[in-house]
Amino acid sequence: MSEQNKAQPARQRERSTAVRLSCWSAVVAAPITIIAVLITVFTVSGPTLDVNTAQSPAFVAANLLSTVGALLLVYGLPGVFARWHEGWGRTGLVGIALLSLAALILSFVSLLAALIDPWLAEKAPQLVKDPGPPLFLAISFTSLAALSAGTILMAIPILRRRVSPRWIGFLLVASAVMYPVYVYAAFSSSKVLLSLVGSLSPICFLVAVGSLGYSGASETRTARTESMPSTAQRA
Amino acid sequence: MSNAVRLSCWSAVVGAAISTIAILAFSVYVPGHAFDGAKAQSAGFIVINIAGATGMTLLVYGLPGVFARGREGWGGLGLAGIALIALAEMIFGFISLMAATLYSWLGSVAPDLFKDPNPAPLVSLVFMIWLVAIIAGNVLMATAIFRRRFAPRWVGFVQIGSAVMSLVYLAAALTPPSVPVSLVGSLGPILLCVALGYLGYTGASETRAIRAEPAPSMA
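Residue numbers (our numbering), protein chains in the order written: chain A, 1 to 235; chain B, 1 to 219.
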């Protein structure tokens with residue numbers, strides 16, 4: 001066996017390890033972000049913050065968790081793509097790229113809220129209730145547009161090409177349908193029930209991505225076990 | 001897959017070029033990272049920071065392609081290095097976007113906050129995480145390149161140079177404003193952009209070469 005032929009299985013194992021780690025990252029991201037979403041529903045009521053909420057540990061913790069979850073999602077999406085790269089096609093690739101952009105912006109918004117809002121509440125309390133910089137609002141809307149378009153584009157190959165079980169595709173479609181409720185709840189006056197119903201949108205999305213990550217990690221592990229010759233075979 | 005890897009590698013090339021221009025422009029426009037409310041509101045400041053955030057986002061898209069390229073692998077060390085560099089790029093993008101959106105707004109509504117001697121405490125922690133991630137990530141990627149020889153050795157040396165100069169980059173932000181010191185300090189992130197841009201370019205070229213090989217005919 002030539003050196004190049006020996007290197008190929010090692011290279012494949014290395015790639016499958018990277019894909020497995022990436023898929024696990026998506027699995028861990030899902031519950032962390034779901035917890036962050038639920039804490040936010042119960043701590044932040046309505047579109048404006050008040051000084052006490054901005055300085056509360058629950059608000060800071062929810063935003064830090066959301067940042068970590070979104071960053072793990074950025075690490076996880078390449079693995080989810082690579083695991084079924086033949087099935088996703090261009091539509092899935094664009095969808096996953098848009099979802100990565102949305103996760104990057106979400107991590108930015110959450111980290112900004114965790115770092116700056118408590119400080120602003122102390123130094124300039126009158127600014128906490130301000131809707132914020134206009135550019136910031138534009139970026140938030142870009143994120144929402146990327147999230148809804150990315151979710152639909154990711155669902156299409158799942159429903160058409162059966163990249164994964166169909167229920168994941170339906171969950172993604174449900175998530176996209178619920179986005180208007182989520183946005184309406186975020187910008188309307190405080191109603192916990194409405195916010196909870198709206199939060200079903202990111203929760204459905206995260207359950208779908210977490211399931212994709214879990215099946216990707218499991219299948220990669222199975223593939224690795226099959227490709228590794230046993231001791232008896234080697235003997 | 002090769003199409004996705006090629007696009008990702010091109011993303012690294014374009015991201016590296018945009019980031020380099022933004023870092024150089026920022027070093028000249030805001031030496032020593034010292035700015036007040038008026039400067040934070042200027043169009044130049046906002047455009048430079050938006051360019052920096054865009055470049056860093058494209059580099060984050062490019063790193064999976066840089067990892068997947070080539071026939072030889074990065075190994076566990078290289079994978080950890082690339083993951084840390086991705087974290088550093090995301091933090092750099094965050095800081096640029098924060099400067100473009102928040103600082104320009106604060107400059108108009110509360111310019112006195114720029115004179116406050118006590119900035120938000122967690123921001124310093126984020127800077128420290130960035131510094132550790134860029135140094136450790138560069139060293140781990142360079143080690144993988146030196147050991148496995150899947151890229152020219154000069155790329156590894158450039159990354160070691162980037163790790164060392166990142167310390168100067170942070171020192172330049174803490175010393176009195178000076179354009180030469182800022183330019184020297186900016187070599188830290190710029191050298192990383194050069195290395196990632198080159199790796200992205202070779203990755204895109206190799207993937208194109210593999211695609212260009214004749215596919216087996218139906219017969």
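Hints in this document: simulated from the structure, not taken from any laboratory. Errors might be hidden in some of the hints.
Said to hold, decoys possible - With a straight-line Cα cutoff of 25 Å, these simulated SDA-like cross-link-like pairs (lysine to any residue) come out:
hint, chain 1, residue 1, chain 2, residue 2
1, A, 123, B, 54
2, A, 123, B, 205
3, A, 123, B, 148
4, A, 123, B, 118
5, A, 123, B, 98
6, B, 115, A, 214
7, B, 115, A, 121
8, A, 129, B, 118
9, A, 129, B, 107
10, A, 129, B, 170
11, A, 129, B, 111
12, B, 115, B, 102
13, B, 39, A, 125
14, B, 115, A, 197
15, A, 123, B, 187
16, A, 123, B, 103
17, B, 39, A, 139
18, A, 123, B, 109
19, A, 129, B, 103
Unchecked claim - Pulled a few chain B residues facing chain A out of the computed Cβ check, cut under 7 Å:
hint, residue
20, 79
21, 94
22, 120
23, 123
We put the CB at the ideal spot given by N, CA and C, even for glycine.
Do the hints match the structure? See the list:
no. : hint           : result
1   : A:123 to B:54  : violated, 30 Å
2   : A:123 to B:205 : violated, 52 Å
3   : A:123 to B:148 : violated, 52 Å
4   : A:123 to B:118 : holds, 10 Å
5   : A:123 to B:98  : holds, 18 Å
6   : B:115 to A:214 : violated, 49 Å
7   : B:115 to A:121 : holds, 17 Å
8   : A:129 to B:118 : holds, 22 Å
9   : A:129 to B:107 : holds, 17 Å
10  : A:129 to B:170 : violated, 34 Å
11  : A:129 to B:111 : holds, 18 Å
12  : B:115 to B:102 : holds, 16 Å
13  : B:39 to A:125  : holds, 24 Å
14  : B:115 to A:197 : violated, 44 Å
15  : A:123 to B:187 : violated, 35 Å
16  : A:123 to B:103 : holds, 15 Å
17  : B:39 to A:139  : holds, 22 Å
18  : A:123 to B:109 : holds, 13 Å
19  : A:129 to B:103 : holds, 17 Å
20  : 79             : holds, 5 Å
21  : 94             : holds, 5 Å
22  : 120            : holds, 4 Å
23  : 123            : holds, 6 Å
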